[in-house]
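Chains as they are written, first to last, in numbering that gives the first Met the number 0: chain A, 0 to 272; chain B, 0 to 103; chain C, 0 to 154.
These are computed hints drawn from the structure, not numbers from a lab.
Each residue gets a CB set at the ideal place from its N, CA and C atoms; glycine is no exception.
All the pointers check out, no bait thrown in.
Once the Cα atoms are required to be at most 27 Å apart in a straight line, the calculated DSSO-like pairs of lysine-lysine come out as:
1. A:35 to A:148
2. B:75 to C:110
3. C:37 to B:31
4. A:166 to A:148
5. A:58 to A:81
6. C:110 to B:94
Stretch by stretch, here's where chain B covers chain C in the computed footprint (C-beta under 8 Å, at least three residues):
7. 35–47
8. 91–100
9. 106–114
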Amino acid sequence: MKHALVLCAALGLAAGLAGQPVSAQSEDRTAAEFDKFREVLEEANPAELWEVKGEALWKTKRGPKNASLEQCDLGLGPGVVKGAYVQLPRYFEDTGKVMDVEQRIVHCMVTLQGFKFEDLAKAPFSRGDYTPDPVSLVTYVAGQSREMKIAAPQSHPQERATYEIGKQIFFYRAGPWDFACATCHSEDGKRIRTQNLPNFTKPGESAARGYIGWPGYRMTGGVMHTLQWRMNDCFRQQRFPEPGYASDTIAALLTYMAVNANGQTYRGPGIKR
Amino acid sequence: MGDPMKIRAKLEGDIADVRVLMAHPMETGQRKDAAGKVIPAHFIKEIRAELNGKVVWTADISQAVSRNPVFAFKVKGAKGGDKLRITWEDNTGDKRTDEITLGS
Amino acid sequence: MDYTRRGLLRGAGTAGALVAAFATGALRPADVFAAWNKSAFDAKSTADAMKALNVAGAADSTDIVIRAPDIAENGAVVPIDITSNIPGTESISLFVDKNPFPYVGTFDVAKGAMPYVHVRVKIGESSNVRAVVAAAGKYYQAAKEVKVTIGGCGG
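Make the full structure from the sequences, and use the hints.
So this is what it looks like as structure tokens:
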């Protein structure tokens, strides 16, 4: 906790309600107030604008090969989008590895449409008025799993092995501040300022709290972000070397997070602070 | 010409419960970019909703409305098949109109 | 808001004439977007903005219901619902007292909408949000405090 606070302060975040000691009781009230209005905000989430954009991108013939993504196999067969998101990451025969949603979409953009991976990896995160195409596509695909239960598969040996790798990465302490994902996200009741930190090590509702809100419309900056961005930012905030875009490292971490969230209902693209 | 709006309307009797999402930066004109240059104000000023061509709701707004604005309002005397059209215009003269058919 | 313009639009005869003008292409819909009240929007205090809108001295009313967070998670996006239970409500105006330009806007519901609006606004620091309702030629107001916080690492 202390580490986390120091870290965020080091990131240049100004103090909110500075100097006021916050009692556990008022903390709970604040959290309840946030939850209540998060629901209000989610009733009409600007993320829907990106769902619309992503759907058009999915269905339009684009790229050097002038193809749409309608033959892209997200795990449920070519072109099946409905329900695909909640069953990812999963093992894919054609690549021989476990892939998360964004990694798989990028794979389809490269193989079906002829885009170059290096180009897609150049500026993969949203900023200002710029949204990378894979972000809109992930938002569309995620929106097609609304109200479905998270069901990341663990039937293939590779899926089980990838979960274990993800777990190791999650607990791996390193960097100048001897930090791990687990430093912030392995106990109940932790928070940074007014934000509660989900405990990803506890399967079910707790782990899902940090997983199901993504991809998310971030109120700060008003941009759409995916879990690729979130994972990248966690590495950056830990002062780790940043992982490669759509890398197997992130696919493994997301496998760990998704499987721990299994059984919880996905509510669609969320709203983030 | 901005990106498409997303309009949703739910009919409750003869009242249409409308939610509209607009893609717009809503720049205040008070922020600076990385180079220290002021980012010019760019925001929606006026919005109009029409039911079958008749204006039923209007808004005059400022740059204080959040980026990618969301509004909800309730239109009276609506029924399935009615056309609901929403138009915005921003301070640069840019405009966008989108339309939905109620109950569809 | 410019009540004169709203008043004109409300008149059946004028509205009919406008529809006709639109139909013939003589008047584009954008032309009715002409009366955005610049002096109210430029005002640096709620009082000055209310003066510019001719609604100064609006009476306090408990019939205006403002639903907004006691503590907003992010001041960039603060959801606000305003419902007026005052008979004959024509418009709802919104102010954030401590914003550099407090006047947020006016929602005109007289021509076929319920006296309700949901809007999301930027609030720079903890402040009162204030709703002013015009009803049957009279003005009413209500306010609610919203605290703004700074959060964690990025949700």
